[in-house]
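Trainee: Chain by chain, the residues run as shown.
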Amino acid sequence: METSRLLLLLLPVLLIQLGLMIFAIIDLIKIPLTNGPKWMWGVIIVLVNIIGPILYFAIGRRNY
Amino acid sequence: MKQFAILMKKEWRENLRNFKLFWIPAVFILLGIMEPVTNYFLPQILDSVGNLPEGTVLEFPTPEPEQILVAVMGQYQLLGLLILALAYMGTIAGERRSGTATLLYVRPLSFPAYFMSKWMMASIIALLSVWLGFLSGYYYTYLLFGGVDLTGFAQFAATYSLWILLVISIILLASAWMPNAGLAAAFSLGMIVISQLVDSLLGTYWPISPLKLPAYAAAWLGSGPVTGDFWWSAGVTVLLIAALIGLGIFLSAKKAATTKV
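Taken in order, these protein sequences are the chains called A and B.
Going by this note's numbering, the letters in the first sequence line up with residues 95 to 158, in that order.
Going by this note's numbering, the letters in the second sequence line up with residues 3 to 263, in that order.
The hints are simulated quantities; they were obtained by calculation from the structure and are not laboratory data.
There could be a bad hint or two in this list.
[Stated by the list, open to error] Covered stretches of chain B (in silico footprint by chain A; criterion: 3 or more residues with CB under 8 Å from a CB of chain A, positions within the stretch not fixed):
(1) 23-36
(2) 83-90
[Stated by the list, open to error] Distance condition first, Cα-Cα at most 27 Å in a straight line; then the derived DSSO-like pairs of lysine-lysine:
(3) Lys257/B x Lys12/B
(4) Lys11/B x Lys256/B
(5) Lys262/B x Lys11/B
(6) Lys12/B x Lys22/B
(7) Lys256/B x Lys4/B
(8) Lys262/B x Lys124/A
(9) Lys132/A x Lys262/B
(10) Lys257/B x Lys4/B
(11) Lys262/B x Lys12/B
(12) Lys124/A x Lys12/B
(13) Lys12/B x Lys256/B
(14) Lys257/B x Lys22/B
(15) Lys132/A x Lys22/B
(16) Lys124/A x Lys11/B
(17) Lys11/B x Lys22/B
(18) Lys11/B x Lys257/B
(19) Lys4/B x Lys22/B
(20) Lys22/B x Lys124/A
Here a beta-carbon is modelled for each residue, glycine too, at the ideal position from N, C-alpha and C.
Extracted from the complex, chain A is given alone in its bound form (with noise of 0.2 Å):
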């Protein structure tokens, strides 16, 4: 009953992450160039839970 009651809880964190990381996936395809190579913030965006895809568009993203 814990468990499932955990799950219920957290499903609202795992939707979140979810479509950052889908965001940021999609933004890292469509943007010519990030501050540095672009599979390492691929990697960066899959592997790293929640901060990953944060990381990439607070710093990866080359807004200039």
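Fit chain B to the known structure of chain A by using the hints.
Mentor: Chain B in isolation, oriented as in the chain A frame:
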């Protein structure tokens, strides 16, 4: 006014396309959810990863619901401000580098409309994020710990919103002033951190200060701050925001010449 509407449309499209409209609220919502959940499961988490010797008994006082919301605010004060600074450090400084600015500056551009459109868009996204984050934190706190008075919560979030507007103004001013985005982030974060440090060390001598707004916000969840001090601080903050915007408009016009072509 017409220029402002057009520039606003540009800002909107830009923030939609670089996904800032999605990822910044998502981060704040995540922070808002994680705080109550980790607090609720703290004993289990310590059990499984804490590496405590066999038979250790730790008694945790169940935190009050209000404390959880204050803890969410603490997360925003650390990570939230960092995220905002990183996201908006390039709004003007980065535009000058990328060449977007040259397209704008060669036209008869109204700098107040230019700066205000950026300030409005950044504020809208920041406030949206903070409110969505607090609301999700409120919901989870309600589920796991118990209800918080809704009026107190609204006052808490509104007071914190004013502080966020001040932070956005500082970040955009730095972005208009500094030659590149990195310096803008460093300058604005440094300003905020140092002034907060000074305020926490010497601040007992002056109850009226914009830097005390987060503390006053937290006080709304309890018995409420001293009314006079709070309203004076809020008034000073509004004036300060107006001054920062004015200075930002001035600097964005003055530094337009540093644009790289």
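Trainee: For each hint, tell me whether it holds in the structure or not.
Mentor: Verification of the hints:
Three residues within the 8 Å Cβ limit are the bar, and the segment 23-36 of chain B against chain A gives 8, so the coverage statement holds. With 3 residues carrying a beta carbon less than 8 Å from a beta carbon of chain A, the segment 83-90 of chain B meets the three-residue requirement, and the given coverage holds. The suggested pairing of Lys257/B with Lys12/B holds, with an alpha-carbon distance near 21 Å, which does not exceed 27 Å. Of the supplied pair hints, the one linking Lys11/B and Lys256/B holds, its CA atoms being roughly 24 Å apart against a limit of 27 Å.
With a CA separation close to 25 Å, the supplied pair Lys262/B and Lys11/B stays within the 27 Å bound. For a cut-off of 27 Å, the pair hint linking Lys12/B to Lys22/B stands: about 14 Å separates their Cα positions. Taken as a hint, the Lys256/B and Lys4/B pair is honoured in the structure, with Cα atoms around 23 Å apart against an allowance of 27 Å. A distance of roughly 25 Å separates the Cα atoms of Lys262/B and Lys124/A; the hinted pair therefore holds under the 27 Å criterion.
A distance of roughly 26 Å separates the Cα atoms of Lys132/A and Lys262/B; the hinted pair therefore holds under the 27 Å criterion. Restraint check for Lys257/B and Lys4/B: the C-alpha separation of about 24 Å stays at or below 27 Å, so the hint holds. For the hint pairing Lys262/B with Lys12/B, the CA-to-CA distance comes to about 21 Å; that is within 27 Å, so the pair holds. Of the pairs offered as hints, the one joining Lys124/A and Lys12/B holds, with about 20 Å between alpha carbons and a cut-off of 27 Å not exceeded.
As the CA atoms of Lys12/B and Lys256/B are separated by approximately 22 Å, the hinted pair is consistent with the 27 Å bound. For a cut-off of 27 Å, the pair hint linking Lys257/B to Lys22/B stands: about 26 Å separates their Cα positions. Note on Lys132/A and Lys22/B: the hinted pairing holds, with a Cα-Cα distance of about 20 Å set against a maximum of 27 Å. Under the criterion of a C-alpha separation no larger than 27 Å, the hint pairing Lys124/A with Lys11/B is consistent with the structure, at around 22 Å.
Of the pairs offered as hints, the one joining Lys11/B and Lys22/B holds, with about 15 Å between alpha carbons and a cut-off of 27 Å not exceeded. Restraint check for Lys11/B and Lys257/B: satisfied, since their Cα atoms lie roughly 24 Å apart, inside the 27 Å limit. This hinted pair checks out: Lys4/B and Lys22/B have alpha carbons roughly 25 Å apart, not beyond 27 Å. Between Lys22/B and Lys124/A the CA atoms are separated by roughly 15 Å; this keeps the pair inside 27 Å, and the hint holds.
Hint compliance for this structure: every hint is met.
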